[in-house]
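Chains E and X are the protein sequences, given in the same order.
Okay, so the first sequence: first residue is 1 according to our numbering, each after it adds one.
Okay, so the second sequence: first residue is 1 according to our numbering, each after it adds one.
Simulated from the structure, these hints should not be mistaken for lab results.
The model shown is predicted, which means the values in this text are computed figures rather than measured ones.
Some hints here could point you the wrong way.
Computed footprint of chain X on chain E; a stretch qualifies when at least three of its residues, placed anywhere within it, have a C-beta under 8 Å from a C-beta of chain X [said to hold, decoys possible]:
| # | stretch |
| --- | --- |
| 1 | 72-82 |
| 2 | 104-118 |
Label pairs and their in silico Cβ distance ranges [what the hints assert, rightly or not]:
| # | chain 1 | residue 1 | chain 2 | residue 2 | range |
| --- | --- | --- | --- | --- | --- |
| 3 | E | V15 | X | E526 | 22 to 32 Å |
| 4 | X | E526 | E | R208 | 27 to 37 Å |
| 5 | E | R102 | X | E526 | 18 to 28 Å |
| 6 | X | H300 | E | D216 | 48 to 58 Å |
| 7 | E | D149 | X | L318 | 20 to 30 Å |
| 8 | X | L191 | E | P34 | 50 to 60 Å |
| 9 | E | V10 | X | A273 | 54 to 64 Å |
| 10 | E | E195 | X | A273 | 52 to 62 Å |
| 11 | E | I62 | X | P103 | 56 to 66 Å |
| 12 | X | L318 | E | G217 | 51 to 61 Å |
For each residue, glycine too, the CB sits at the ideal point set by N, CA and C.
Here is what each chain is made of, one letter per residue.
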Amino acid sequence: MIYTKQLTKVFGETVAVDQLHLDVEKELFIFLGPNGAGKTTTIKMLTGLLRPTQGSIRIGGIDMLKDPLGAKRLIGYVPEQPHLYEKLTAVEFILFLADIHRVPRREALRRMQRYFELFDLIDTSAALIEELSHGTKQKVALAGALIADPQVLVLDEPTVGLDPKSAHRLKDLLRHLVGRGRTIFMSTHILELAERMCDRIGIIHKGRLLAVNTLDGLRNQAASSAHTLEDIFLQLTGEENTSAFHTGFLEE
Amino acid sequence: MWACIKIRLRCAWNTLSQQKSRLRRITPILALLLPVILLRQNLLLFASWRALPVDVDLLILNFLHLSFLALFIVLFCSSVSVAIHTHFMSKDLPLLMSQPIPPWQIMTVKQLETAFAGALLYLYFGIPLLLAVGIHYQVGIGYYVILLPVSAAFLLLSIQLAILFASLLISLVPQKQARRWSMAIFALVMLVMWGGFYGIQMSRYDPGSASFQLQRVQRLVDFRPPALTVYLPATWVKDVLHLFLPLSGEAKSIWPAFQLAVAVPIVGGAAVAASLLVWRNDRRGLSVQKGATGFYERIHKTSHRQVSITRALFSKDLKMFRRDLRLFMQIVFYPAIVVIYAMMMPPVSSGSGFEMLSPFIVLSFLGGLVALNTGSLLLPLEGISIIYIKSSALSVRRVVWSKLFEASAFAALGLMTALLILVIKERITGAQALFVSFLLLTVVLSASTIGLLIGVFFGEFKWERVNRIVSLSGHFLSLFCYSFYLGLSALIVAGGIYIEMSAAAILFFLALSGLLVFLGTQKVVERLDSIDWKV
Numbered sequence: 001m002i003y004t005k006q007l008t009k010v011f012g013e014t015v016a017v018d019q020l021h022l023d024v025e026k027e028l029f030i031f032l033g034p035n036g037a038g039k040t041t042t043i044k045m046l047t048g049l050l051r052p053t054q055g056s057i058r059i060g061g062i063d064m065l066k067d068p069l070g071a072k073r074l075i076g077y078v079p080e081q082p083h084l085y086e087k088l089t090a091v092e093f094i095l096f097l098a099d100i101h102r103v104p105r106r107e108a109l110r111r112m113q114r115y116f117e118l119f120d121l122i123d124t125s126a127a128l129i130e131e132l133s134h135g136t137k138q139k140v141a142l143a144g145a146l147i148a149d150p151q152v153l154v155l156d157e158p159t160v161g162l163d164p165k166s167a168h169r170l171k172d173l174l175r176h177l178v179g180r181g182r183t184i185f186m187s188t189h190i191l192e193l194a195e196r197m198c199d200r201i202g203i204i205h206k207g208r209l210l211a212v213n214t215l216d217g218l219r220n221q222a223a224s225s226a227h228t229l230e231d232i233f234l235q236l237t238g239e240e241n242t243s244a245f246h247t248g249f250l251e252e
Numbered sequence: 001m002w003a004c005i006k007i008r009l010r011c012a013w014n015t016l017s018q019q020k021s022r023l024r025r026i027t028p029i030l031a032l033l034l035p036v037i038l039l040r041q042n043l044l045l046f047a048s049w050r051a052l053p054v055d056v057d058l059l060i061l062n063f064l065h066l067s068f069l070a071l072f073i074v075l076f077c078s079s080v081s082v083a084i085h086t087h088f089m090s091k092d093l094p095l096l097m098s099q100p101i102p103p104w105q106i107m108t109v110k111q112l113e114t115a116f117a118g119a120l121l122y123l124y125f126g127i128p129l130l131l132a133v134g135i136h137y138q139v140g141i142g143y144y145v146i147l148l149p150v151s152a153a154f155l156l157l158s159i160q161l162a163i164l165f166a167s168l169l170i171s172l173v174p175q176k177q178a179r180r181w182s183m184a185i186f187a188l189v190m191l192v193m194w195g196g197f198y199g200i201q202m203s204r205y206d207p208g209s210a211s212f213q214l215q216r217v218q219r220l221v222d223f224r225p226p227a228l229t230v231y232l233p234a235t236w237v238k239d240v241l242h243l244f245l246p247l248s249g250e251a252k253s254i255w256p257a258f259q260l261a262v263a264v265p266i267v268g269g270a271a272v273a274a275s276l277l278v279w280r281n282d283r284r285g286l287s288v289q290k291g292a293t294g295f296y297e298r299i300h301k302t303s304h305r306q307v308s309i310t311r312a313l314f315s316k317d318l319k320m321f322r323r324d325l326r327l328f329m330q331i332v333f334y335p336a337i338v339v340i341y342a343m344m345m346p347p348v349s350s351g352s353g354f355e356m357l358s359p360f361i362v363l364s365f366l367g368g369l370v371a372l373n374t375g376s377l378l379l380p381l382e383g384i385s386i387i388y389i390k391s392s393a394l395s396v397r398r399v400v401w402s403k404l405f406e407a408s409a410f411a412a413l414g415l416m417t418a419l420l421i422l423v424i425k426e427r428i429t430g431a432q433a434l435f436v437s438f439l440l441l442t443v444v445l446s447a448s449t450i451g452l453l454i455g456v457f458f459g460e461f462k463w464e465r466v467n468r469i470v471s472l473s474g475h476f477l478s479l480f481c482y483s484f485y486l487g488l489s490a491l492i493v494a495g496g497i498y499i500e501m502s503a504a505a506i507l508f509f510l511a512l513s514g515l516l517v518f519l520g521t522q523k524v525v526e527r528l529d530s531i532d533w534k535v
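Next up, chain X with everything else stripped away, as it sits in the complex:
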């Protein structure tokens, strides 16, 4: 079993150590900044709660409990599709299963592999919260010592339950369909959670914020979770840590620690048994039923109308998105967030100048993010199949412009829907809406260009999983470049309005964006021309 773990670690190490660019090497270190920032934010929040006339201990405990319940849901939902991949679809499985290794050991390693995939999420969001609670209460070393096994148990239980669910799903429906369903459920849950969190508006819980509401905090203090949550590991984690915190109120019991300690091997064993049962019954071998071919009928029905190159590329990509749910979610999820934002957006100021534009900054930021994300995917998405386009009599420039249009179209669709909602909701005038949509489309085009650049320089054309198409450093760099562009644009427009030269400022912003699109696409074309495709 150790040999199996070692080989996975070796693969991970090789991936990291063989990164040529320095930026790619330091990205994992940069990524550690996020939990540090979250830790600081949590500490500040807890400290500010101290001044409130409420039971702060109970408030923190409830906050911890709710956060872990949310973390459990996210871990569980995201791990189902990962578990389907690692346990039933992973390419190394046929090789491993043919070796003289007990199958339960292989499935245990796969369980650890799945847990490893979820560990990053826990490291980013769970650990900073637990550390913040410990630091805030100035607890003894015992709390920190217990954090490690408690965290491991929570993480393992979340993914073990996900594996059990994945095994059940695979035994009912073909594996690819099961994976699609699991990803759809995950996306839906994430969308609901995002909407929920946005609706809650965390700033209302922060005494330092202008929108702070004490009654909201009181409601969190009085919150009692549904009775069923006592069976969830999130509640057990809260109860175990409660033992080590100097809190009054609820009676402390050793029972949750026992539950955690016993549940891990039992649920883990059940998960291994269930996945092995699926393997032995060869349920995973079920493939999606091919449709009745009807080749001649379809040829007869196919339209004889010639389509343009842009439309041919667009329609091909749409088919690919539709059939890969992970991709579909990437493309649909973010525009949906933009629309949800518009629905929940605070009232738009009726002022003039920058005051009128300021509420749309978040909208343009989100819309641009959609374009950035889609743009970064579209070229590497072609994979090595791009050689068919490159070896055809089709100019690379035309392909790049088609992709730019495509990336912008998805974002523009989300943004225009959001704007339409705002027009109806806030009674924005037609002229205002037209002006804002023009600016938003400019941002979208620029963001798409940055996305295409990132995709072509940091994208993996030989990708196997959609979430690995663009490297982590590519994602960071794209966010940095996009934020810089948007910040600079906001500065130009705001500066122009401030010195009462709005028209000149907007013209300058348009020129800057135009230059970015022109030079960016030029660079993308050059890069596509210079890549040596390993065919």
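In isolation and in its complexed conformation, chain E is listed as follows:
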């Protein structure tokens, strides 16, 4: 469903994403990487917010550069920060998204009710978004991404700010969506979450894709000492020495 070839983005002299090759099928794909690794830049290119310097992107077989509207029709997107229209209510925001995605109103209302119940948004549905907490805004953004029932869901750190109950429901929902043949592409810093629910993991560092595999595959790929995803991640990104530094720092 998501296919990128030699995907590259250069900002001035900085290569944010370098020759990225990805092939994500109907699965839950977790995209891992330290801060500034190029995760968000990749996501922005996948969702058509940023034009790649080089390379191609295909979503469901549609070329994002040649037919961006066709490709975007298949995508639902949740950004890292829930930048929502502060002067709208959650209901108005969701219905606006439904309108621009051309979702029939009856269907939009039905889905909205379902997601509002799932994420406990009913009580805050009449309040302006500016009055909502970060976590609630995040839930509204999630409901917004799901309103068009997209084939591909791109989520950038979706669990940040969510309460444990909502985070748990989100995980269940994502697994359910994958079961229904949807593709989930998700970036996260929460390794435990990635470890527990992903089908495959891609690790990006300094714009380059270091590894793509299942968790077991990554374990086999990494040194024998790496058991947890955290060990594998630190080893692959060359940051395993940080623990020695950390200990030294604390002892000082």
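With the hints as your guide, set chain X onto chain E.
Below, chain X without anything else, positioned relative to chain E:
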């Protein structure tokens, strides 16, 4: 306290110094031209009054007094909403209040911050007038030395009274509602003042103008302000400066200077105490009551009819305007001015050709300004939320055209109302009205395009305050581009009429405007496509 002031100054300096474009850097310098122009205008006016058979000293003194009364009203009204923001809603307040700094010091800094916001207005309109009076009377150095403390006292007193009023408002109603009310009052006062000034028609006071009327000037000489104004700082400023002017007439007294000197610390202290009292009682923490949710009922009642993309965008923006009074005022205030202008417009000439069109030039200028202003706001107004539109299967071109239509619609509404008033008032023929409305709509579309261009290039998508959506340099550039377009259009049409090729000239004007709209929207689309949204 100095550390708090220093950090604000550092923020301001960083904002200025980190401007990448050269135009943005020199804008503050260009902005200083306005007071210089006003100073020159005042000097010319005073000099021309000298030849009149009236008591010119009294005329100038009354003019100074009335100008400062108007300045006080504007400063007070505009500072109420600023004070609500700086004293109760500013994002740095929780951090500052949690620091080991006496709260009165924080509120004093906030008071200075509010005064700083009003200082620009005073610098533009107050200082040129005071300097013009000094230069006109060739006064000694004492006058200029006293100007600084008098100006500071006037400015501080105006904003201190505004802070007191803001504190009272906040203690009565929730802060967001208080801010809305204060902005509504400000807009209303500005509208009344604009109508008043327009009704006065300053040209009637200028002996060089064709519409000059001596009896009007005599009325200004004889003007005696209401007794209550003796308690206002505007009157004290006039009286203090009177001490340093070689004027006959009223007896001079040192008392107003004493009033000014004593009032600043007293009212300032009261303003600090009042704002702290509001903080301590946590009245500012009141939030607007959420309406009863009734989620299921509302879903049940919601229309199932599918809406078009343009309508979805338009209706979203309307909701946002309605809920942000500052925005609402931006959108409604200027069309209201256009309508007021039409009501007060001098009789339309019944001639033909350009003579028939000339009275509508001001109308088209004002209508275009509305479109320019609205156009410049509409795209940055989306904020970073524009990513939801950009990542949806919606063509950017379509969004831009919707915004163009929207910006033009607000201006067109004002213009068409104004035209309707003129049709009724002046008995303009249907054909004339149709022809003029066609030309006006063309200007509006072009101005909206310039506005969209300015908004997308000079707008701040991560805005926090509506009046900072478009940078100062953006505003200047938009005015320059729009004036150039309108000047060129007027030249083409007038030239065409002069050489008796009106139809060709109007066709050329339409082609030029069409090209501007086409290329402009194209550029807006390209720009929107190339921005790297910091999500």
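Now for the hints, and whether the structure bears them out:
Note: the stretch 72-82 of chain E has 7 residues with beta-carbon separation from chain X under 8 Å; the three-residue rule is met and the coverage holds. Counting residues of the stretch 104-118 of chain E whose beta carbon lies closer than 8 Å to any beta carbon of chain X gives 7, which reaches the threshold of three, so the coverage claim holds. The hinted range of 22 to 32 Å is satisfied by E/V15 and X/E526, whose Cβ atoms lie roughly 24 Å apart. Between X/E526 and E/R208 the beta carbons are some 31 Å apart, a value that agrees with the proposed interval 27 to 37 Å.
Range check, E/R102 to X/E526: Cβ separation about 25 Å, and the 18 to 28 Å hint holds. Here the CB-CB span from X/H300 to E/D216 is close to 50 Å, well matched to the stated 48 to 58 Å. Separated by about 28 Å at the C-beta atoms, E/D149 and X/L318 satisfy the suggested range of 20 to 30 Å. Range check, X/L191 to E/P34: about 56 Å between beta-carbon atoms, so the 50 to 60 Å window is met.
Checked against the hint of 54 to 64 Å, the pair E/V10 and X/A273 passes, with Cβ atoms roughly 58 Å apart. Taken as a hint, the range 52 to 62 Å holds for the pair E/E195 and X/A273, whose Cβ atoms sit roughly 58 Å apart. Taking 56 to 66 Å as the suggested C-beta distance range, the pair E/I62 and X/P103 conforms, at roughly 60 Å. The given range of 51 to 61 Å is respected by X/L318 and E/G217, whose C-beta atoms sit roughly 53 Å from each other.
In the structure shown, no violation is registered for any of the earlier numbered hints.
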